[in-house]
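Spelled out, the chains give:
2 protein chains.
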Amino acid sequence: MLLSTLNVMAQVNGSRQTGSQVIKKGMIKVTILYPGGEGKKFDMDYYTNKHFPLLKTLFGDALKATAIDKGIAGGAPGAPVSFVAIGYLYFDTLADFQNGMKTNGTKIRADIPNYTDITPVIQISEVVQ
Amino acid sequence: MLLSTLNVMAQVNGSRQTGSQVIKKGMIKVTILYPGGEGKKFDMDYYTNKHFPLLKTLFGDALKATAIDKGIAGGAPGAPVSFVAIGYLYFDTLADFQNGMKTNGTKIRADIPNYTDITPVIQISEVVQ
Numbered sequence: 006m007l008l009s010t011l012n013v014m015a016q017v018n019g020s021r022q023t024g025s026q027v028i029k030k031g032m033i034k035v036t037i038l039y040p041g042g043e044g045k046k047f048d049m050d051y052y053t054n055k056h057f058p059l060l061k062t063l064f065g066d067a068l069k070a071t072a073i074d075k076g077i078a079g080g081a082p083g084a085p086v087s088f089v090a091i092g093y094l095y096f097d098t099l100a101d102f103q104n105g106m107k108t109n110g111t112k113i114r115a116d117i118p119n120y121t122d123i124t125p126v127i128q129i130s131e132v133v134q
Numbered sequence: 006m007l008l009s010t011l012n013v014m015a016q017v018n019g020s021r022q023t024g025s026q027v028i029k030k031g032m033i034k035v036t037i038l039y040p041g042g043e044g045k046k047f048d049m050d051y052y053t054n055k056h057f058p059l060l061k062t063l064f065g066d067a068l069k070a071t072a073i074d075k076g077i078a079g080g081a082p083g084a085p086v087s088f089v090a091i092g093y094l095y096f097d098t099l100a101d102f103q104n105g106m107k108t109n110g111t112k113i114r115a116d117i118p119n120y121t122d123i124t125p126v127i128q129i130s131e132v133v134q
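First to last, the sequence lines map onto chains A and B.
Per the working numbering, the very first residue in the first sequence carries number 6; after that it's consecutive.
Per the working numbering, the very first residue in the second sequence carries number 6; after that it's consecutive.
Okay, chain A solo, but in the shape it has when bound (with noise of 0.2 angstroms):
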């Protein structure tokens, strides 16, 4: 009853919610987008089961919801998908993100050539909607 009661505040809020994650307006949230290409290598399955399971231990609380999409097309038919994969890392404010970064940054990289050799985009935004 307290966790119905907790999810209809989150509605009132306008917040998105995925089992214990909460996301809100005026979130950061960082996108590392990887640009396709002939003989690129991704492995969805590493990324998925190995790699955000490591960022979430070292993280921490700090993230506060994660997300990952599989690019499947182009917006023209017929055009090639600009990005393999994207992964969506949410914090409250920057400097968690930062701060973790700082502490983390280094075992985080070194887990990326496990899965990929495409150079990641990173974009960090503040959730509007």
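Copies of one chain are not kept apart here, so a pair can be met inside one copy or by any two copies together.
With a Cα cut of at most 25 angstroms, we get these calculated PhoX-like pairs of lysine-lysine:
{"id": "1", "residue 1": "Lys112", "residue 2": "Lys45"}
{"id": "2", "residue 1": "Lys46", "residue 2": "Lys30"}
{"id": "3", "residue 1": "Lys29", "residue 2": "Lys61"}
{"id": "4", "residue 1": "Lys29", "residue 2": "Lys69"}
Don't read these hints as lab results, they were simulated from the structure.
Following the hints, position chain B against chain A.
Frame of chain A; chain B shown alone:
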């Protein structure tokens, strides 16, 4: 009570929820990325308060959820932002998006100059997580 019951069900299935919008693994996510650049304009207020409501009206019930990000920084300290804005549209199937574009694409494209002179990058993804 029905509402809170539905929320708990959504949690159990690992879906994400915003208002009456439900995001689930396997959904189609159309991502519209607006690259930044010298002298480029982007009216976030119009995008949020006019363009997205227009999309909701035109796509109707087929549009299951939406989100908007405002780019604030690149990954490295001092790096320029890759995208000034990113919009997200969620559909149950690729056909739902394609059919909506067939019917409404002209109206949607006609509204773009009202908020930006940037040519967006369109990415079609599948929600993995």
